[in-house]
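J.: Chains A and B supply the protein sequences, listed in that same order.
Once you know that position 228 of the first sequence is 228 in my numbering, the rest is easy, because the numbers rise by one and skip nothing.
When you read off a place in the second sequence, starting at 1, and then add 495, the result is the number in my numbering.
One should not assume that every hint holds.
Residues from chain A shown here face chain B by an in silico Cβ test under 8 angstroms; the list is partial [what the hints assert, rightly or not]:
{"id": "1", "residue": "172"}
{"id": "2", "residue": "261"}
{"id": "3", "residue": "269"}
{"id": "4", "residue": "281"}
{"id": "5", "residue": "342"}
To be clear, the hints were calculated from the coordinates, so they are not data collected in a lab.
Backbone N, C-alpha and C define an ideal beta-carbon position, used for all residues, glycine too.
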Amino acid sequence: MTHTGVHPSAAPAFRQYDHNPTFYDEMFENDGSPRQHCADILETIRETPPDDLRQIQERVTRSFLHEGITFTVYGDEQTIERVFPIDCLPRIVRGDEWDDVARGLEQRLRALNLFLHDIYHQGHIIRDGVIPAELVYGNKHYRIEMRGVEVPHGAYVSVCGTDLVRTHDGFAVLEDNLRVPSGVSYMLACRDAIKRSMPRLFRRSRVRDVEQYSRLLLETLRSLAPPQVGDPSIVLLTPGVYNSAYYEHAFLARQMGIELVEGRDLLVHNRRVYMRTTAGLRQVDVIYRRIDDDFIDPVTFREDSVLGVPGLFHAYRAGRVVIANAPGTGVADDKAVYAYVPRIIKYYLGEESLIRPIPTNLCREREGLAYTLANLDKLVVKMVGESGGYGMLVGPHASNSERKEFAAALRADPDNYISQPTLALSRAPCLVGAHIEPRHVDLRPFILQAERTEIVPGGLCRVALKKGSLVVNSSQGGGSKDAWIVDVPEAAAGA
Amino acid sequence: MLARVADNLYWMSRYLERSDQTIRLLGVQVRSVTDNTSAQVAAGWTRLFRSLKVAPPGGDPLYGDQLEDSFLLADAYTLADFMSFEHDNPGSMVSLWGMSRENARQARQEITQEMWSQLNRTYLSLRDTQLHFFWNKEPENFYKETSAQIYLFRGVTDNGLRHGLAWDFIRLGRFMERIQVTTEILDNYRAALDDEDTDLDWSLLLRSCASFEPYCRHYTPEIDPRKVMTFLIHEPESPHTLRFAAEEIRNGLGRIDPAGGARHPLQAAHRIAGQLRALLAYGSQEREDLADTLAEVRRLSRGLHDEIYRRYIFFAADQALPGR
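With these hints in hand, go ahead and build the complete structure from the sequences.
T.: Structure (structure tokens):
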């Protein structure tokens, strides 16, 4: 490995940069020299005075505020609109590495869609003993109402957002989001802002485009429409303006030129779905829904829901309207089912998983429980049905008494837990005040699947802006940065 | 377009127009402090609150007749602050702007990024402004500059948004609000027309209705109270007259629903819009009929609003299935 450029610690902004080989650094090799494909970009960042970088960051933040790319925090006195923090330094991923990841994501979603079709029909995988029946049928996200329903192209999940993390061993899937994944608008808005702020660097870096996402999403939704419908009427169903992802809903609707509807805009008559327009009722063919299963239809699911449309599920079952993603996909992104995904891929496709799974111990299995209890100080233990960091023990960070308490809970109800090794998440350089410091990052690419599979090269890159923190959620001090998939010219790659 | 979104666009526009009227009235009032006697200024505040149908701070909205008393307790700074920045006053400039923005937010898919950005940016800056920042410097300029932000929004709208249904409902909202507020402003000046002793500065009325220059072009800078009234009611080419608003409303409805205005029987909304326009185009211009004319404009415009809602927003679903 040859050093390119000056050692980064020579630049003032990098003086406090902590090169810690425990963690994979997205920009630097273990010895602190820049990675080959980052060298040019790093050189430019190094030459930019930190003040200029800070100004870029402020400009991006201000433009987000003006464009309304905010999430709302509801307080007692007043509601505050906050901007999702943006770090202006891009995270760089090499094109060939990305291609491998994309193949793996495509494979994974194909297998999960086959799995969903199977468990809502004959259930071969269960009869063949690959996955325990209670894990599927006992899952709270399993929708008995979906049994026997035919889904166009078998695409139960047509929009997926998969959380990837990276360690020294490469990319791994942290979790699949198969219900109503969000964040794609941040990816697009972030790209737009960074392009405007760093046009020259961007152009020079041969970054792959993500702008076609909205067009691909629209094509995906169109291909789901009943074949007899010539020009399908497609809508995006939002819970409304108080939802934290409302900006994204409006953004996507605008980009695709489709109506953004709320439950109260729709009604079902004679098992057909209509929206109320100024020129009367108009039939709807495809609903890209951004509300949870529970709230889709108060007649079929939660009767106290005011967000949904009474009778919608009947229209769906009758094949008069398509709902994407289909109801009942949550069963496949369950934390316990996660452990079976490599086996699911093998079962349906006869292939090995292309993306490395994180070794997962199922506490429902005796060895899994024993191993978990013996290594509580090293593992992350998660409750199966929970999400968003609830019901979780991070072994290395927990106190003795917390571990003891958790062990008791584990023994009492082992079926409800899984455990995984604590991962050394990769880090990427971030602008922190006047300095550049490493922070932990993850990556959520978006996969579209219907007639074809489409993955835009990039994703939402989340950053744990708090020093040392592994939590990337926006509610807990997380931010985001632009993810650049760059193609390295042959000559340079071989150097 | 979704009926709910048409509702949002209509109100986005109405609130913004109301905000525009409020800002202009405040600008005129602040200016009159430098030009007029204190009695005139006090009368001006009364007219302002009455025209906008807002109860002054401490005043009880249910006891309109005691309005004057309330003004004895409040100074210009308090009144201007109340109408500009008081979040608890739904009629204040910043509240109206906030309502407009909330409606815009729920209609984001129909408006352009530039429209939203202009509305949002101005709101955020108004929200962070306080009266004392400029009160002792150049208050009139502040109101003028804020007014300019509304003109900018309209320019961005007219030049960026497709002139389709969304644009029509935005325009409809603007002129519905304009005709209603302007009617109230005119009504509050009407009494002074018969008062021989009044020293009322009628140019204030023209400025309140953004019509000083058009009036001077049409007549002369000599301000004749009766001509001012006639001009603001019947003149067809100045954008802030009642007649102009009525023409816009009628034409707008014609674009939104061409069949409703052409075929017999006419839609109720189209019929009322036609009556309104006819009243202002061909109705009496005699002074003794002025009160009746204004009352009729008020009645018709309220009825029109209700009919628009019945027809396009809150219609019964079984009457509106496709193919009927």
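J.: Would you mind marking each hint as holding or not holding in the structure?
T.: Each hint, compared with the structure:
Because the beta carbon of residue 172 of chain A sits about 37 angstroms from the nearest beta carbon in chain B, more than 8 angstroms, this interface hint is broken. With a cut of 8 angstroms, the hint placing residue 261 of chain A at the interface with chain B holds, because the nearest CB-to-CB distance is about 6 angstroms. The interface hint given for residue 269 of chain A holds, since its Cβ lies 7 angstroms from the closest Cβ of chain B, which is under the 8 angstroms cut-off. Hint status for residue 281 of chain A: holds, given a least beta-carbon distance of 5 angstroms to chain B, under 8 angstroms.
Given the 8 angstroms rule on beta carbons, the hint for residue 342 of chain A is violated: about 41 angstroms separates it from the nearest Cβ of chain B.
When held up to the earlier numbered hints, the structure conflicts with 1 and 5 and fits the remainder.
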